[in-house]
Amino acid sequence: KNEVEQSPQNLTAQEGEFITINCSYSVGISALHWLQQHPGGGIVSLFMLSSGKKKHGRLIATINIQEKHSSLHITASHPRDSAVYICAVKGRDDMRFGAGTRLTVKP
Amino acid sequence: NAGVMQNPRHLVRRRGQEARLRCSPMKGHSHVYWYRQLPEEGLKFMVYLQKENIIDESGMPKERFSAEFPKEGPSILRIQQVVRGDSAAYFCASSPEWGPYEQYFGPGTRLTVT
Numbered sequence: 001k002n003e004v005e006q007s008p009q010n011l012t013a014q015e016g017e018f019i020t021i022n023c024s025y026s027v028g029i030s031a032l033h034w035l036q037q038h039p040g041g042g043i044v045s046l047f048m049l050s051s052g053k054k055k056h057g058r059l060i061a062t063i064n065i066q067e068k069h070s071s072l073h074i075t076a077s078h079p080r081d082s083a084v085y086i087c088a089v090k091g092r093d094d095m096r097f098g099a100g101t102r103l104t105v106k107p
Numbered sequence: 001n002a003g004v005m006q007n008p009r010h011l012v013r014r015r016g017q018e019a020r021l022r023c024s025p026m027k028g029h030s031h032v033y034w035y036r037q038l039p040e041e042g043l044k045f046m047v048y049l050q051k052e053n054i055i056d057e058s059g060m061p062k063e064r065f066s067a068e069f070p071k072e073g074p075s076i077l078r079i080q081q082v083v084r085g086d087s088a089a090y091f092c093a094s095s096p097e098w099g100p101y102e103q104y105f106g107p108g109t110r111l112t113v114t
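Note that the protein sequences, when read in sequence, are chains B and W. When we follow this note's numbering, the leftmost residue of the first sequence carries the number 1, and every step to the right adds one. When we follow this note's numbering, the leftmost residue of the second sequence carries the number 1, and every step to the right adds one.
To be clear, the hints were calculated from the coordinates, so they are not data collected in a lab. Watch out, some of these pointers could steer you wrong.
[Unchecked claim] So the derived label-pair ranges between C-beta atoms look like this:
| # | chain 1 | residue 1 | chain 2 | residue 2 | range |
| --- | --- | --- | --- | --- | --- |
| 1 | B | His69 | W | Arg20 | 38 to 46 Å |
| 2 | W | Glu68 | B | Ser30 | 24 to 32 Å |
| 3 | B | His78 | W | Glu102 | 21 to 29 Å |
[As the list claims (entries may be wrong)] Heads up, simulated DSSO-like pairs for lysine-lysine below, C-alpha to C-alpha not over 27 Å straight-line:
| # | chain 1 | residue 1 | chain 2 | residue 2 |
| --- | --- | --- | --- | --- |
| 4 | B | Lys54 | B | Lys68 |
| 5 | W | Lys62 | W | Lys51 |
| 6 | W | Lys44 | B | Lys54 |
| 7 | B | Lys54 | W | Lys27 |
| 8 | W | Lys44 | W | Lys62 |
| 9 | W | Lys27 | W | Lys62 |
| 10 | B | Lys68 | W | Lys44 |
| 11 | W | Lys27 | W | Lys71 |
| 12 | B | Lys55 | B | Lys106 |
[What the hints assert, rightly or not] Facing chain B, from chain W, some residues (calculated, C-beta under 7 Å):
| # | residue |
| --- | --- |
| 13 | Leu43 |
| 14 | Ile55 |
| 15 | Asp56 |
| 16 | Gly108 |
The structure displayed is predicted, hence computed values, not measured ones. Glycine included, C-beta positions come from ideal geometry on N, C-alpha and C.
With the sequences and hints as input, model every part of the structure.
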């Protein structure tokens, strides 16, 4: 079993839909990151969380430390949101990554 | 403020040659992380460095791979005697300090071993 599990692996949505991507982890962490990797391969850090909830535009990330679970929500999804979303947890020094969720938003 | 810079963006090496990948962190950042993404696989942590120090290299293969972050200049990831299995995208990220700080990723170097 991977230390960082994401679901779903693949997600197809229609433009405008509300999207949720889930991340569960089994190790102690100092922070959790949500990353976005575009088809060209570049990686952008969306959020870093250690507790609670953060919002940036149409993106919302939440984390429940007790349950070792985080969610990334996208409201009013758009085709430009199509990318791979990666959950990563930071231990003391290293970072462990989920396998990613491939999101495709159709117009 | 320029972001994290990596060069080259694409690197082709023949089996047995050496590959040198460079990473210049964001201005003011003294911590660098290297990650590898094999084709069709997820990201994997390789090494975490601070200026002139290797803090954690638990993700580095024991042989042929080395990393440094000198007092002056970029961080270097060196792969000696490359093999086809080293073909991957190598990303570096930087953060200002140790701890739960946001990491900023470079564009990656795509290494192809022929």
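The hints, checked one at a time:
Taking 38 to 46 Å as the suggested C-beta distance range, the pair His69(B) and Arg20(W) conforms, at roughly 41 Å. As the Cβ distance of Glu68(W) to Ser30(B) is approximately 25 Å, the hint placing it in 24 to 32 Å holds. Hint check: His78(B) to Glu102(W), Cβ distance near 24 Å, so the stated range 21 to 29 Å holds. Using a Cα cut-off of 27 Å, the hinted pair Lys54(B) and Lys68(B) holds, with the two alpha carbons roughly 17 Å apart.
Between the alpha carbons of Lys62(W) and Lys51(W) the distance comes to roughly 21 Å, so the proposed pair stays at or under 27 Å and holds. The straight-line distance between the Cα atoms of Lys44(W) and Lys54(B) is roughly 25 Å, inside the 27 Å bound, and the hint therefore holds. Restraint check: the Cα-Cα separation between Lys54(B) and Lys27(W) comes to about 26 Å, which is no more than 27 Å; the hinted pair holds. With a CA separation close to 15 Å, the supplied pair Lys44(W) and Lys62(W) stays within the 27 Å bound.
About 31 Å separates the Cα atoms of Lys27(W) and Lys62(W), which puts this hinted pair outside 27 Å; it is violated. Annotation: proposed proximity of Lys68(B) to Lys44(W) holds, straight-line Cα distance about 20 Å (limit 27 Å). The hinted pair formed by Lys27(W) and Lys71(W) meets the criterion: a straight-line CA distance of about 14 Å does not exceed 27 Å. Restraint check for Lys55(B) and Lys106(B): the C-alpha separation of about 24 Å stays at or below 27 Å, so the hint holds.
Using the Cβ-Cβ criterion of 7 Å, the hint placing Leu43(W) at the interface with chain B is satisfied: the shortest such distance is roughly 4 Å. A hinted interface residue such as Ile55(W) counts as satisfied when its beta carbon comes closer than 7 Å to some beta carbon of chain B; here the least separation is about 5 Å, so the hint holds. A hinted interface residue such as Asp56(W) counts as satisfied when its beta carbon comes closer than 7 Å to some beta carbon of chain B; here the least separation is about 4 Å, so the hint holds. The closest approach between the C-beta of Gly108(W) and any C-beta of chain B is roughly 6 Å, which is under the 7 Å cut-off, so the hint is satisfied.
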